[in-house]
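Protein sequences appear in the order of chains V and D.
When we follow the working numbering, the leftmost residue of the first sequence carries the number 1, and every step to the right adds one.
When we follow the working numbering, the leftmost residue of the second sequence carries the number 1, and every step to the right adds one.
In short, the hints are calculated from the structure, not lab data.
Be careful, since some hints might not be right.
Straight line, CA to CA, 25 Å or less: simulated BS3-like cross-link-like pairs of lysine-lysine [claimed, not checked]:
hint, chain 1, residue 1, chain 2, residue 2
1, V, K102, D, K191
2, V, K265, D, K123
3, V, K356, D, K191
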Amino acid sequence: MKKYFFLFLSLVVATTSFVSCTKDEDDNKEADIISATIPNAKELLSVAPVVKNNTIVFRLKNVGESKNFAPVFELSEGAVIVPASGTLLDFTTSQTYVVTSKDGKWTKEYTVSFVVEDDAKPYYYSSFEYVDTIKTEGPEGIYHQFYELTSRNEKLNNWGTANDGYNIMAATLLDKGEELSPEVYPTVQIKDGFAGKGVKMKTRGTGQLGVIFGSPLAAGNLFVGNFTFSMPTIESTHFGQPYNMTAEPKRVIGYFKYKAGDEFKANNSSSLTKDSWDAYALLFEAVEEKNYLTGSHGFRDERIVSIARIDDAQRVEAADWTKFEMEFKLVDGKSYDPAKKYMYTIVFTSSIEGDKFNGAIGSELCIDEVVLLTE
Amino acid sequence: MAQFNQAMKRFTLVLLTIFAAFVSASAQNAEPEQSGFAIFKGLEYQLKANFSIGGSAPLGLPSEIRSIESYNPTSSFGLEANATRWLSSNGRWGVRLGAKIEEKGMKTEALVKSYLVEIRYGKEMVRGYYTGMVETNVKNTYATIPVTAVYRLGDSWQLTGGFYVSATIDKLFDGYVSDGYLRQGTPVGDKITFDNGATAPYDFSSEVRDFHWGAQLGAEWHIKRHFVLFSDLSYGINGLLNSDFNSISFSMHNIYLNLGFGYRF
């Protein structure tokens, strides 16, 4: 009798063996530059380089004339880069690197550029005259990315938008008869700004998949900083660029137009019944790691030194260009020390509760001629 | 509950059909002088209850799955009624027809690397390579008809082997991804990171196939005259999910071990 007992056992063994045999790991398919630096980075760079999926930008302090650098890269496991990490190159114009994955099947190009920051100024002025039109293939996309020119005519991407994030689904969110163009994205350059060109932000729906990805609505936004897609999506907006001005920030002025969308929808708790816009600016202390604030700062992050925010009287609908002004106020217990390193951001959104994914689809905010003043 | 009632109704219907078919088949073979009840002569009946351990899994883990971090068979049960006709009174061989209602389920947490996924809702779609944790919940309820050959090994042991067809009554195949990142389009595409407890749920329940078929192999231990212990392994020959479903790059099969006891009349 016992001799048949093995049947029970062998059946159990057979089942478990289906689950337990893991195959050898495939060679890595990724071809990333994970991080980048240069020798003497602390003395030469104003901020850690921004590494995106296809670009790396080093911001140089205005200290030396030479643009010969030997960037050092940390790559995906087993990946290879050409030119090799540590190769001395002339970055008068940007250089292209090609990274090949360990399995040899995937390659990725990176454009690496060095931009020399201007000397400290008493003000910072943005007129939104320049955009690159970013085209992507997988997923198909086309959208605007703002840049400014330094006094040496080098491109500086000071402003970020959520367009990179929206791009993930943009092509699939088109209405019937609508074509993929920068105009269908939440943030776009417009021809008729207050002076020259300007920016339009529009709150957009994100469909069923947006709900799945935890962002049932995309408020149009524009902020000083970088966008890095992360989940929760509120962590994707990395606010802040190096504060490179001669004195403490005092005011931000600019021009706006606003029209709230018809139907306010609260995906999270809200006291509002109608959509509104928002604008604010922050000065905050620089740190070594994670040198930014995300959309979840709630004005309570302990690094924040001073806050300027649009007041209710100015946060209205306006069909014509209207001037706005907001004053920086020091956070209790904080003071400005010219010897310290700071970051700053200026943030605009077409839905004031866009961070909670509340808003009205179709709300439209236009902004132009933004100036941060130190007096 | 409504779903369960409906399931039970369907199950009863299936049971009746099978018995009717079996009985009428027996009747045709019956000698003319036998009474109406005699058509059941030579038939042996069993009622069986079991629980299932197993998985809806690829055959051999694909290299994208780096490790199974946790596995829970969940509580999945089955109930079966069957009838066996022995081909001769003292013979070793018999044929068994059953009707069964059963659950097949599991819950797993797996670590995957560059695992091709496609999440689609209508025309909206995100496709890419995911690296990180994937939690999967499977719990499907089937009305199953097993047809098996029975072989007697002495008085207390029997081996069974055969095929089954299953109709899916209740479907569940969902889960979420966390602690990882999705690269859109290709392994070098834009990276969407899921950190700090962020998750993205998926639900492929509607893609679970309506009809399955498979093979099963088992053994029975007749401990007492009426009491039976049994175990069988069932393997779904067609995949768990619809074959035109591309979100998962490999085919998954129901592979379950049933352990239980029965009553022989």
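We went through each hint and held it up to the structure:
A C-alpha spacing of about 18 Å is found between V/K102 and D/K191, which places the hinted pair at or below 25 Å, so the restraint holds. A C-alpha spacing of about 23 Å is found between V/K265 and D/K123, which places the hinted pair at or below 25 Å, so the restraint holds. Simply put, V/K356 and D/K191 have alpha-carbon atoms about 23 Å apart, close enough for the 25 Å limit, and the pair holds.
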